[in-house]
Amino acid sequence: MRVETFSNTTAEQLGQNWQFGFEPDLMLYFADPDLAQDLHRALRQRAPNATLMGCSSGGQFSRQAHASANATCAAVKFDKTRLKSVCIPFSDSTNSQTAGLDIATNLMADDLAAVFVLSDGMQVNGTELVEGMATLIPNHIPVVGGLAGDGDQFVRTFVGLNDQVGEKMVVAVGLYGDALDVAHGCEGGWTPFGPRRVVTRAEGNVLYELDGKPALDLYERYLGDEAAALPASGLLFPLWVHPTNEEDQGAVRTLLNIDRDAKSLIFAGTMQEGAVAQLMTATRDALIYGAAQAATDATSRNKSDSLGLLVSCIGRKLVMGQRAEDEIETVDDHIGQDVPYIGFYSYGEICPRSSGTHTMFHNQTMTISTFSEKDVA
Amino acid sequence: MHRLLVRQIASAKDDAGNIDIEKLAKLVDGAYKEIDLDAQRRERATRLMNEELDELNSELRKTVEKTKEQNTWFEAAINAMHQGLCLFGANDDLQVFNQQYCAMFGLAETQMWQGMTLRELLETRADKDLFFGDDWEDFVAHCYKRVSTDKWSSEIHAFNNGQSIEITVNPLPSGGYLLTYTDVTDRVVAESRIFQLAHHDSLTDLPNRANVRATLDEAIERAKNEDYQFGIMYLDLDGFKEINDTLGHIAGDAVLKCVSRRLKDMISEDVVIGRLGGDEFLIVVDRPTDEEELCDMAQNICDILWKQLTINQHDLNIDASVGIALGPSSDYCAETLMQFADLALYRAKTDKKSKYRIFETQMDVEVRERRRVATDLRRAISRTELEVHYQPQVSFINGEVQGYEALVRWQHPELGHIPPDRFIAIAEETGQISEIGRWVLERACQEATTWQNDEKIAVNVSSHQLRSLRFVDMVETAIINSGIDPRRLELEITESVLVQNPEMTMEIIHNINKMGVAVALDDFGTGYSSLSYLAKYKFQKIKIDRSFVQGIGGNAECNAIIDSIVSLGRSLNTIVTAEGVEEIWQLSQLQSAGCDQGQGFLFGKPAKDVDEFNKGSDRQIQMVLNAQHWNRRETRCLS
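For the protein sequence lines, the chains are A and B, in the order given.
Residue 1 is where the first sequence starts when you use UniProt numbering, and the numbers rise one by one after that.
Residue 1 is where the second sequence starts when you use UniProt numbering, and the numbers rise one by one after that.
Because the hints were derived from the structure by calculation, they are not lab data.
All figures in this text were calculated on a predicted structure; none of them were measured in a lab.
Any given hint could be a false lead.
Unchecked claim - Taking lysine to any residue pairs in the SDA-like style, the calculated list, with each CA pair at most 25 Å apart, reads: (1) K33/B <-> T283/A; (2) K349/B <-> Q500/B; (3) K349/B <-> I424/B; (4) K13/B <-> D332/A.
Said to hold, decoys possible - From the derived model, a few chain A residues whose C-beta atoms are all more than 10 Å from chain B: (5) E23; (6) R44; (7) V86; (8) T94; (9) M108; (10) N139; (11) G151; (12) Q153; (13) E209; (14) P231; (15) T244; (16) T296; (17) G336.
Don't be surprised by glycine CBs; every beta carbon is placed ideally from N, CA and C.
Modelling step: build the complete structure from the supplied sequences, incorporating the hints.
What follows is the structure in structure tokens.
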């Protein structure tokens, strides 16, 4: 397996100047929203035979460019691993769970070893998408990836696969064969605080009321003047949500949008009525510690070449401010000095919580997965 | 150097590596502002959180206070309940109980504690016999089984100490269950009493008709299934009505109680005895060895009941009759068997040979026939099937017909002529004799008025008719309606009437005599033959029973009796009539004895038309009469 990563500022630079010494099987990219579609087309021309997959994001980074890159790419040549990709466009009426099930149906095979999935970040229910995939894909096959981003604007996101790039799509690539080795880690660093509240009214991923009061009121109260910057400022206070008496089944949820008329909050995952919700906060050090933990968990057991894929939540970047790079630097320290990686700030992360457990949809986490090939007789 | 500052300096360097101070200052300023903003957010969040927590804390305190208050109410409410109450959590742990529970089971509240298991709760009652059955562990297992379901249930526990507690299990949605206890001892006792009253005779406490009938149904079913025989006995006290009439109902009840007690004392456990009503009892004997065992038992019952008992200072001996029937047969139901036993009882009563009888098929045939006669007899008068025939009463002095005895005859449209001995007894049993008697009296009076000569007309009167003073009115009506001279009318009564109701009979006879109607004593010599009756009642005629007339010649005793009666009649200045005179030598003998008149086939069989008797007597009779007449005259002259 051979890997090359590249970060630069324009599509032209990425598409034309990027030289790699092999014919890649897989090309991945993450780019600013205004650059993503052009970059996709440029890369397609540059390596028309490779499986090309990428998305717009809330910021991207690589080992070389921790914060400054407008786009970042990786080219991978596998020795033994086979690939199969799928693009599922969906309309407003398409259930996210159905889209997840379609992906699984297309990719599922006896030798499926892992799935990397990227989804439109604004129009999909991440929880349902993951549930749909989990219907067919067993727990021991890790599904990793995330939801595309739109900087801190929360308006439009793009994903692309091969000849297709645009909104309202979920794309995925299945990696097949015994040789592939995937390690992954997923940590947040956030801490619940304040009273526990009950979700008294919710529909799908829309939260209307907590303890019988409008959910938006709570956020506006806690954000103060910063409430004007909603929905982006809502990332400062994610929600810890879990079924009553089942705290170990909890998940961090961060809001993607608001509806001022309905005084509701729109999340990337399902909000269950009756669940317990608690506001969360984090210090920068706690987030950095979380990223370090995720990197440690994702460290590959193989000494050969490997690729790291980092998906960090846009909310973390917002909280970290100028110290956002601290999180990337700590990954450098823990994932291994010679492991190339690329990553992006997402609107939602997809990864098992730990090895062998079922894939979950997360918010406000740093999820890291490393792909490598082992020697197979 | 802080890694952020390192990055800030790196960012502030231009291509030549010089640091742009202004740019660096801007970055550092931004970092400070981020820290400030972060601190402000944190401070704000903490303040808001504290406010919220204070608010929640305040609400919580209020809730606690409210809960305390509600607990007080709750405690007052559950302790005011009539029921005992125990609430267990999902882990078999007592959470709540009330005072009534402790009171109901005689426990001190210190014996109870929160968290105790159901077993521990039950154990507090163990030494007070507050469980049921023989085995304590079985009882505990039963209780646990009841509370382990998620269904509501209610059960009355009849505890060994005599208490009956209704225990209701209400499963709770959160797991656990609520037990409520209601002391239903009084209700159970009352229900038991009601059951007892509904199924037992209140006077004797024996199973009542419905109960014994149910027992009989069960016995029939069991006997059919297991193929064995059982017996039933229908028992009836003889003369019980007389006891009620003469000593009063209270005495009658005392007799029934005594009889019941004696019966209960003598029968074994597998024999069921019940009171059907009145003085009738039914005894169901399961698996008797044979008929003989039943007969022995019946005799034994009669013997035991016969033993003297004293009621209101009256010494009584109770005579009983028993009808026995054996079952089952494939087509015998309880009703049929009881009917058979009743028939056998009837036979035992009428035969008077034995106090008990076993049912025989023939009894059923006879009874059916009797029943038909009784049914048809009801319509006989309206359908003019009855007729009055007349038998002449002839003077032994001059051979003249002095009167006629009216005798009823029944011409059945299907069965033909039915002799009086087949229907008179039935009419007496059913009470129809009164109606028939009235009809005969009126008919005889009317027809007598059509006769050429003014012979007397004798009409028989039954004991039924003489039970009421209305009989006198009836006689008067018959006389008025027919227009007959009352001196032509003669009413014949038997001695038994005098015995049954002497006071009223005397009054009736007295009133009848006052109308000018004569009264004859019928069948004299067969019954009580009490001379005191003859002295007490003024009979205008004594009729010698036919059995003595039949015995003339062959039986010296008969001759003596006839002589005595004639002599008595003469002393009382009463006409003496002989019945059943069939032979000429009987006539001769009776005339010699001084009998005044006679009736019988010798003078004429009963006939519808009296005119044929007026055609003249048989020459031979006339000769005897003439000869005897003169002989007697001479004898009288000589004496």
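Each hint tested on the structure:
Proximity of K33/B to T283/A is assessed by CA-CA distance (about 16 Å); at most 25 Å being required, the pair is judged to hold. For the suggested pair K349/B and Q500/B, the alpha carbons sit about 19 Å apart, so the restraint of at most 25 Å is met. For a cut-off of 25 Å, the pair hint linking K349/B to I424/B stands: about 18 Å separates their Cα positions. The hinted pair formed by K13/B and D332/A meets the criterion: a straight-line CA distance of about 23 Å does not exceed 25 Å.
E23/A, annotated as away from the interface, keeps every beta carbon of chain B farther than 10 Å; the closest lies near 36 Å. For R44/A, the requirement that its beta carbon stay farther than 10 Å from each beta carbon of chain B is met, with the minimum near 34 Å. For V86/A, the non-interface assignment is confirmed: its Cβ lies about 40 Å from the closest Cβ of chain B, beyond the 10 Å cut-off. At roughly 38 Å, the least C-beta separation between T94/A and chain B is larger than 10 Å, which holds for a residue marked as non-interface.
Against chain B, the non-interface label of M108/A holds: every CB pair exceeds 10 Å, the least being about 41 Å. Taking the minimum C-beta to C-beta distance to chain B, about 32 Å, the non-interface status of N139/A holds against the 10 Å cut. With a least beta-carbon separation of about 18 Å from chain B, G151/A lies farther than 10 Å from that chain, consistent with its non-interface assignment. Distance to chain B confirms Q153/A as a non-interface residue, since its nearest Cβ pair spans about 20 Å, more than 10 Å.
For E209/A, the condition that its CB be more than 10 Å from all CB atoms of chain B holds, with the nearest at approximately 16 Å. Every CB of chain B is more than 10 Å from the CB of P231/A (nearest about 17 Å), matching its label as outside the interface. Residue-level check passed: T244/A sits 13 Å from the nearest beta carbon of chain B, beyond 10 Å. No beta-carbon of chain B is positioned within 10 Å of the beta-carbon of T296/A; the least distance is around 19 Å.
Separation of G336/A from chain B is adequate, the least Cβ-Cβ distance of about 20 Å exceeding the 10 Å criterion.
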